[in-house]
Every structure is written in structure tokens, then in C-alpha cells.
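Asker: Residue numbers (this note's numbering), protein chains in the order written: chain D, 67 to 196; chain H, 67 to 196; chain G, 67 to 196.
In short, the hints are calculated from the structure, not lab data.
None of these values were measured; they are calculated from a predicted model.
It cannot be assumed that every hint is accurate.
It does not matter which identical chain is meant; a pair holds if it fits inside one copy or across any two.
Pairs of lysine to aspartate or glutamate, DMTMM-like flavour, derived with a Cα cap of 25 Å [stated by the list, open to error]:
(1) K87 x D99
(2) K69 x D166
(3) K98 x D122
(4) K98 x D184
(5) K167 x D184
(6) K132 x D83
(7) K132 x D99
(8) K69 x D120
(9) K132 x D120
(10) K69 x D122
(11) K98 x D140
(12) K87 x E137
Each chain is listed here by its residues.
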Amino acid sequence: MIKILTVRTGFNEELVDITAKVSAAVAESGVKDGLACVFTPHTTAAVTINENADPDVRSDIILGLKSMRIESADYAHIEGNSAAHIKSSLVGCSEIVIIDKGRLLLGTWQGIYLCEFDGPRTREVYVKII
Amino acid sequence: MIKILTVRTGFNEELVDITAKVSAAVAESGVKDGLACVFTPHTTAAVTINENADPDVRSDIILGLKSMRIESADYAHIEGNSAAHIKSSLVGCSEIVIIDKGRLLLGTWQGIYLCEFDGPRTREVYVKII
Amino acid sequence: MIKILTVRTGFNEELVDITAKVSAAVAESGVKDGLACVFTPHTTAAVTINENADPDVRSDIILGLKSMRIESADYAHIEGNSAAHIKSSLVGCSEIVIIDKGRLLLGTWQGIYLCEFDGPRTREVYVKII
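Looking at chain D on its own, in the form it has when it is part of the complex (with noise of 0.2 Å):
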């Protein structure tokens, strides 16, 4: 089963907590025990698991990666988001989650956050479970 979210983000960056629709893709399949791979089919996008407590951490993680030297480069890209792209390879545009008694095992502070890059835009993120 595939589960499809649609994910509509307000600001050019941003991280976008997915955890209860992820959550619930689960508990709708069914499965007690495998592995739930969430993917976003952007290239300007991203998928990542981190801190759900304070927000903070959400604009710290946008900002830490503006702070890399990789907005300035001389980029041959026409549309002018090759950092975009680049932030999208390194998050990576993928996270896998082990599934267990039927629930996401995530850590205590752990969220999964669809990662805008690119934005605002509307953004879909696949839940493929096994």
C-alpha cells in the first residue's frame, strides 16, 4: 500500500512536522511489524527525522544550512536554486522507520519533517509500508 500526503508549505524554507500523517498511514495499513519508507518525489525538497520539542530547532536546522557556503557558488542552473537542490541531496529525499507493534519507533524527541527548500509550494511525500 501507498499512501500519498499532500503537503502545502507557507514559506520559501521551512521544516513541516509530517509525524501524525506518517502515523496514521500507518495504523490505516494495518501492519504491526516492518519498516515504513517515507519519500518525497521533489528534487528542492527533503525528508528528515529530528527534534519535535522545540521549534526552535526547525529554523535552526534552515538556518545552519543558509550558514553553509553553499547559496553563494557561481551556479550554471537557470532557475537559481541550485541550493536548493543541494540541500535536497544532502537531507537526502527519503527516511526509513522501523515499525513495531503497529507504531512508528521513533525516539521521544524524534519528528519527521518534510523539508521545503523550494517553497511555498504544494509538496506530496509517498508512505510505502512492509
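Given chain D's structure and the hints, the job is docking chains H and G onto it.
Answerer: Positioned in the frame of chain D, the structure of chains H and G alone reads:
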């Protein structure tokens, strides 16, 4: 089934499109519904998913990674390729792609790339389908 | 089956080789053919695959990540460890390794590492075999 792809890289650093080879491995497997794990067994190479349209994006990714500060640190490793090892860990040596109706479920603009960071060399990529 | 590994880190930042522990979990599972998902449930740690020969590579990875600009940005998160969170998202909290003939299918020079970015601490690593 594990399919081993052989990729000859032509430059010190480049992204080589391996999407067609991975798709062929999926077709050959006969699997209609599952996951493909695309894994490179090297420590100065990586696997990523990024834009398949404008080839400038591929060279911009190499350029952007070079523009980070990691090339010039005072490394101890005697082979002189520590930055390539770090890029391998940042981008990651594998990707997971969902298989749906016998095909790789990639976004419209997504291709799968072997990232060479210390070539030219002959590289291997393992494709495991489950 | 999920195997939980406990890893005591000794420094603020370091890479700890967990390959033997992951291999033992695979052997214990009896699985001959599949995938191992190696996942750490922490937001200031990561899992990576890199060189297992020269230990300088491990310290060079820590050094290279420090040499990026992410340490010095003007972060909001009050714990002061935002760079560790960003490194966790860049390197990623999991790796997938193919299991073939009952063994991890790693390259000759590849080992699996827990990356500590905010230690020393006691960390957990989950190994899920399918």
C-alpha cells in the same frame, strides 16, 4: 535478488545517471510492489536522487559541495581524499525507492545518480529488490 | 525482530564502529537474505557508513563537519547544540544494508558508525532485519 551494476566514472567528481540501469534491474526481478535499495560499496562515492532534466544541476551539485569549507581542513588521512569521504557520508551511500506496478515510483524530475567524489574509477552499485 | 544496541560514547564528537554489533544481530536473526535497517533514535547523533581501515578518516569526518560554517550561526535553540541537530539531519539517523547469504553486504573498506555530535552520552541503535 541482488543486481550488481558497474559504472565507469570519467572525472574526479561527477554525477552519473544510473536510473535506466536500476529500472532494468527492477523489470528483470519481476517484482511489482516493493522497495529497491540502491547501495554503493565505496567510501568516496555516494548515491543520490536529484533532477534529471537540466544537466547543469548535476554539475552545480558538485560545485556546491566544493564551495563548502570541507576541502581545506587540516586532515590527518594520508591519502589526501578526506573531503571525498566526508561528501560520501553527507550524501549517503544508498537510496531507497518505492516500486509500484513493477516500476520505480520516482517524481517527474527525479533521476538516480552515482556520485563520484574521488575518480575516475570503476564503481559498483548493488540493487536489492524486496 | 528488533535488536537494541547500547553505545557509550566517550567524547563530545566521535564516530564509534558498530559493525561487529550489527553483524552479530544479523547472525542472531538467522535471516539469510534481506535488509538491515540501522536506526538511532536520537536527534544529535547519526548513523553513517565509511572507511574501516585508517582511523584518521573517522576523526577527519568530525573535523570536516566542524570546518563547515554551521557551528557559528546565530541560533535560537536555548540548549546551544543546534549544530549537532543539523549534523544529525545532514548525515541522517539511519542506514540500510543489504543482507546476502546471512551476512552484511558491505564493501571491503566499509564499516557502520554511530556518529556522536553532542556527547559523551549513552546512545541506542535499533537494528531491524527484514
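Asker: Hint by hint, say whether it matches the structure.
Answerer: Evaluated hints:
1. K87 x D99: both (18 Å within a copy, 22 Å between copies)
2. K69 x D166: both (19 Å within a copy, 12 Å between copies)
3. K98 x D122: neither (33 Å within a copy, 42 Å between copies)
4. K98 x D184: neither (36 Å within a copy, 33 Å between copies)
5. K167 x D184: So K167 and D184 fail the 25 Å test inside a copy (37 Å) and across (30 Å) alike.
6. K132 x D83: within (20 Å within a copy, 28 Å between copies)
7. K132 x D99: Neither way: K132 and D99 sit 38 Å apart in one copy and 38 Å across, limit 25 Å.
8. K69 x D120: Neither: 28 Å inside a chain and 30 Å across chains, both beyond 25 Å.
9. K132 x D120: both (20 Å within a copy, 24 Å between copies)
10. K69 x D122: For K69 and D122, neither the intra-copy (29 Å) nor the inter-copy (33 Å) Cα distance is at most 25 Å.
11. K98 x D140: For K98 and D140, neither the intra-copy (49 Å) nor the inter-copy (43 Å) Cα distance is at most 25 Å.
12. K87 x E137: Close neither inside one copy (32 Å) nor across copies (32 Å); limit 25 Å.
When each numbered hint is compared with the structure, violations occur for hints 3, 4, 5, 7, 8, 10, 11, 12.
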